[in-house]
Amino acid sequence: MNTNPNNCATCDYSKMGATGGWCYMWRSEPKTVCISHTGRKDKFIANLLAEIKATGEHNKENADGNQN
Numbered sequence: 027m028n029t030n031p032n033n034c035a036t037c038d039y040s041k042m043g044a045t046g047g048w049c050y051m052w053r054s055e056p057k058t059v060c061i062s063h064t065g066r067k068d069k070f071i072a073n074l075l076a077e078i079k080a081t082g083e084h085n086k087e088n089a090d091g092n093q094n
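The sequence shown begins at 27 in the numbering used here and counts up by one.
Keep in mind that the hints are not guaranteed to be accurate.
Label pairs and their computed distance ranges (CB to CB) [said to hold, decoys possible]:
(1) K41 x L74: 35 to 41 Å
(2) K79 x W48: 31 to 37 Å
(3) Y50 x L75: 22 to 28 Å
(4) V59 x T81: 20 to 26 Å
(5) T29 x S62: 14 to 20 Å
Everything labelled a hint here was simulated from the structure, so no lab data went into it. Quick reminder that beta carbons are idealized off the backbone N, C-alpha and C, glycines included.
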């Protein structure tokens, strides 16, 4: 049995009200990870930015064109 993997009570979208659905973003209770979940989105964006920064630092180290 799949259960809701999100902590919907901590999501700002759940406070916006639903128009006949589970929340602002979902018609029924989600059974998969909700990337629109405001708590998850902040962490996702932080991780993405850290990865972009790390990739940029890697590219600076290899500016001579070598594929290391």
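Are there hints from earlier that the structure breaks, and if so, what are their numbers? 1
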